[in-house]
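Participant: Per our numbering, the sequence shown runs over residues 5 to 356.
Everything labelled a hint here was simulated from the structure, so no lab data went into it. C-beta atoms are modelled at their ideal positions from N, C-alpha and C, and glycine is treated no differently. Among the hints, a few may not be true.
[As the list claims (entries may be wrong)] Derived DEER-like restraints, expressed as beta-carbon distance ranges: (1) Val116 / Phe200: 45 to 53 Å; (2) Thr251 / Thr38: 50 to 58 Å; (3) Glu126 / Val97: 39 to 47 Å; (4) Leu142 / Ser120: 34 to 42 Å; (5) Gly213 / Pro304: 21 to 29 Å.
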Amino acid sequence: AVAAGVLLALMETIADFGTVSHFGVQTLATGIYTTWFTLGDRVASAQLALGLLAIALLLFGLERIRSRGELALAQDANRSRWPRVHLRGAKAVAAFTACALPVLLGAVVPVVMLVSLCRGSEQNWLSDRYIGFFTNSLILAGFAAIITLTAAILLSTNRRMGQSGRSKAAVEIARMGYAVPGGVIAIGLFVPVAGFDNALDAWARANMGFSTGLLFSGSIALLILAYMIRFLAAALGAWRAGEVTLTRDLDRAAFGLGANTMTVLRRIHIPVLRPAALTAMLLVFVDTIKELPATLIIRPFGWDTLAVQAYRLAADERLEGAAVPSLVIVAIGLVPVIILCRRMNTGPRSPR
Numbered sequence: 005a006v007a008a009g010v011l012l013a014l015m016e017t018i019a020d021f022g023t024v025s026h027f028g029v030q031t032l033a034t035g036i037y038t039t040w041f042t043l044g045d046r047v048a049s050a051q052l053a054l055g056l057l058a059i060a061l062l063l064f065g066l067e068r069i070r071s072r073g074e075l076a077l078a079q080d081a082n083r084s085r086w087p088r089v090h091l092r093g094a095k096a097v098a099a100f101t102a103c104a105l106p107v108l109l110g111a112v113v114p115v116v117m118l119v120s121l122c123r124g125s126e127q128n129w130l131s132d133r134y135i136g137f138f139t140n141s142l143i144l145a146g147f148a149a150i151i152t153l154t155a156a157i158l159l160s161t162n163r164r165m166g167q168s169g170r171s172k173a174a175v176e177i178a179r180m181g182y183a184v185p186g187g188v189i190a191i192g193l194f195v196p197v198a199g200f201d202n203a204l205d206a207w208a209r210a211n212m213g214f215s216t217g218l219l220f221s222g223s224i225a226l227l228i229l230a231y232m233i234r235f236l237a238a239a240l241g242a243w244r245a246g247e248v249t250l251t252r253d254l255d256r257a258a259f260g261l262g263a264n265t266m267t268v269l270r271r272i273h274i275p276v277l278r279p280a281a282l283t284a285m286l287l288v289f290v291d292t293i294k295e296l297p298a299t300l301i302i303r304p305f306g307w308d309t310l311a312v313q314a315y316r317l318a319a320d321e322r323l324e325g326a327a328v329p330s331l332v333i334v335a336i337g338l339v340p341v342i343i344l345c346r347r348m349n350t351g352p353r354s355p356r
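Throw the hints in and build the complete structure from the sequences for me.
Facilitator: Rendered as structure tokens:
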């Protein structure tokens with residue numbers, strides 16, 4: 005479990021863009037963006053993306069090996085409760101400090117600093133401009149959550165019903181997206197789609213006498229596709245966590261009564277697994293709200309989000325201004341987190 009946790013942290017770190025960019029640390033993630041926009045070298049960007057992809061897939065493979073090796077032990081351990089230990093004196097203080105520091109440094113202090121910086125900012129978060137950032141972020145996150153959940157349900161159901169090598173391979177490939185940084189996904193999607201758009205435009209000019217323009221590259225649909233690839237693993241994990249609680253006897257009984265796969269999914273799985281579906285949507289929604297590298301590369305002109313605005317202001321060292329969209333992102337992200345925490349604390353409801 006410790007090894008798997010370290011590997012997950014490594015995957016998140018190599019994929020990080022905003023933090024290392026702000027502190028001026030040269031990484032593969034920042035190199036992709038710099039060579040793409042500053043130098044205009046798409047070949048170099050693709051080469052850096054390929055190198056980062058290789059590292060991410062290596063870490064993903066190691067994490068999957070560790071997770072599979074500890075799966076049976078983790079399932080057995082969850083069946084029994086850990087004994088409660090009462091600490092006193094120095095041990096109690098040390099335990100409290102160890103548990104409080106991550107919350108204090110990771111949540112309380114940053115939020116307090118953002119609030120203090122907002123007071124001296126010239127940014128008006130109620131202006132039409134910021135309402136546009138807010139609306140763009142919600143639209144992208146909402147559509148990404150719905151489409152990603154739909155894809156996760158279809159992939160997971162295909163594996164559950166088919167039990168074929170291809171269905172299992174499709175799920176494993178889909179899970180790789182979480183290990184792949186957003187900038188790598190953006191380059192991998194944008195380059196071929198832009199090539200297709202240019203070829204289509206050249207053909208239309210030569211044969212039909214008009215220009216089609218760029219139909220797909222730099223579109224919202226392509227950006228949502230990048231989100232789906234990036235966060236499909238999170239939706240799959242949440243859905244399958246609920247799906248494994250359904251016995252296959254339910255499926256067999258429904259098939260015996262003449263139902264097909266879509267009927268079983270529509271009338272049994274989705275109604276019973278609504279909490280799992282809500283969890284999957286909330287996870288994708290939160291991740292999409294704060295996603296930055298893929299949004300920077302693929303977003304249509306004039307379609308900026310709160311994350312993009314925060315990055316721009318921070319890059320110009322206007323930290324007071326960057327605190328406003330950052331605080332709004334925190335506020336938006338807290339709502340799904342509170343809902344998830346309440347669900348985990350209350351536990352699943354018994355069926356009526």
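Participant: Take the hints in turn and mark each one as holding or not.
Facilitator: Structure-based check of each hint:
1. Val116 / Phe200: 45 to 53 Å: Taking Cβ atoms as reference, Val116 and Phe200 lie about 49 Å apart, which means the hint holds.
2. Thr251 / Thr38: 50 to 58 Å: holds, 53 Å
3. Glu126 / Val97: 39 to 47 Å: holds, 44 Å
4. Leu142 / Ser120: 34 to 42 Å: violated, 26 Å
5. Gly213 / Pro304: 21 to 29 Å: The hinted range 21 to 29 Å holds for Gly213 and Pro304, with Cβ atoms some 26 Å apart.
Checked against the numbered hints given earlier, the structure breaks only hint 4 and satisfies all the rest.
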